[in-house]
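Undergrad: Using the sequences and the accompanying hints, generate a full structural model.
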Amino acid sequence: DTGVSQNPRHKITKRGQNVTFRCDPISEHNRLYWYRQTLGQGPEFLTYFQNEAQLEKSRLLSDRFSAERPKGSFSTLEIQRTEQGDSAMYLCASSWTSGRYQETQYFGPGTRLLVL
Amino acid sequence: EDKVVQSPLSLVVHEGDTVTLNCSYEVTNFRSLLWYKQEKKAPTFLFMLTSSGIEKKSGRLSSILDKKELFSILNITATQTGDSAVYLCAARGTNAGKSTFGDGTTLTVKP
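Quick note, the sequences are listed as chains A and B, same order. Heads up: the first sequence begins at 1 in my numbering, then just goes up one per residue. Heads up: the second sequence begins at 1 in my numbering, then just goes up one per residue.
Careful, some of the hints might be misleading.
[As the list claims (entries may be wrong)] Which residues of chain B face chain A? A partial, calculated answer using Cβ under 7 Å:
id, residue
1, Ala42
2, Phe45
3, Met48
[What the hints assert, rightly or not] Okay, derived cross-link-like pairs now, DSS-like style, lysine-lysine, Cα gap no bigger than 30 Å in a straight line:
id, chain 1, residue 1, chain 2, residue 2
4, B, Lys57, B, Lys67
5, B, Lys68, B, Lys41
6, A, Lys14, B, Lys40
7, A, Lys14, B, Lys67
8, B, Lys41, A, Lys57
9, A, Lys57, B, Lys67
Please keep in mind that the hints were generated in silico from the structure rather than gathered at the bench. Ideal placement from N, C-alpha and C gives every residue a C-beta, glycine not left out.
TA: Okay, here's the thing in structure tokens:
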């Protein structure tokens, strides 16, 4: 299967701990996106990469959040000093974009985070 | 700030009914509008619309975009219980960057 994969699928942590999530995009896709979704709401954009360059970050992304895509393939999202308000589903998506051509974003299964 | 609003928030119908879901958007330098279906997991892609007035169809689902009035509709005919899900609309702006999502319409199809 060559879809977007995310690990772990579920994470329970205590407030104040750091967590890291991983996303492996579809192999030929050059763009990778992170979103956060809470119950009853649509996904909220966090950040995206084109290859290894982080091109945009949401104002929602506080300084406790950091994302990397070091070799332009997989990406990690780290949350430091987690708070209960960080509890959400973290979704990763990838797409291929070249100039004016834009392909749809395909989502991974998500990582559900619960901060106690 | 970019904004996408979907209506209704929820809808309950019986099998065989036809439904219309609405999506209005305000996005800087609009490029495309996307519809997704979400069933207790990640969103799955349905349609991407970039041009006004051109209907896209996939089986019982169809969608159309009006770039003048800044809205899109998703139609589902002859609904089935398997259509029960949250339907998300997203608008994308400059250079295919972030997508701004609406909060979705929860569709429940009763047998």
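Undergrad: Can we keep the Phe45/B interface hint, with Cβ of chain A closer than 7 Å?
TA: With a closest approach of 5 Å, the Phe45/B hint holds.
Undergrad: Is the straight-line distance between the alpha-carbon of Lys68/B and that of Lys41/B 30 Å or less?
TA: Cα-Cα ~33 Å, so violated.
Undergrad: What's the verdict on Lys57/A and Lys67/B, does the C-alpha distance respect the 30 Å limit or exceed it?
TA: Within the cut-off at roughly 27 Å; holds.
Undergrad: Taking 7 Å as the limit, does the beta-carbon of Met48/B come near enough to a beta-carbon in chain A?
TA: Given a least distance of 5 Å, the restraint on Met48/B holds.
Undergrad: Going by Cβ atoms only, is Ala42/B closer than 7 Å to chain A?
TA: At 4 Å from the nearest chain A Cβ, Ala42/B passes the 7 Å test, so the hint holds.
Undergrad: Hint check: Lys57/B vs Lys67/B, CA-CA at most 30 Å. Holds or violated?
TA: The given pair, whose Cα atoms are some 18 Å apart, holds under the 30 Å limit.
Undergrad: Do the alpha carbons of Lys41/B and Lys57/A lie within 30 Å of each other, as the hint requires?
TA: holds (24 Å)
Undergrad: For Lys14/A and Lys67/B, compute the direct alpha-carbon distance and say whether it is at most 30 Å.
TA: Status violated; Cα separation ~47 Å.
Undergrad: Check the hint pairing Lys14/A with Lys40/B against an upper bound of 30 Å on the C-alpha distance.
TA: holds (25 Å)
Hint compliance for this structure: hints 5, 7 are not met, and every other hint is.
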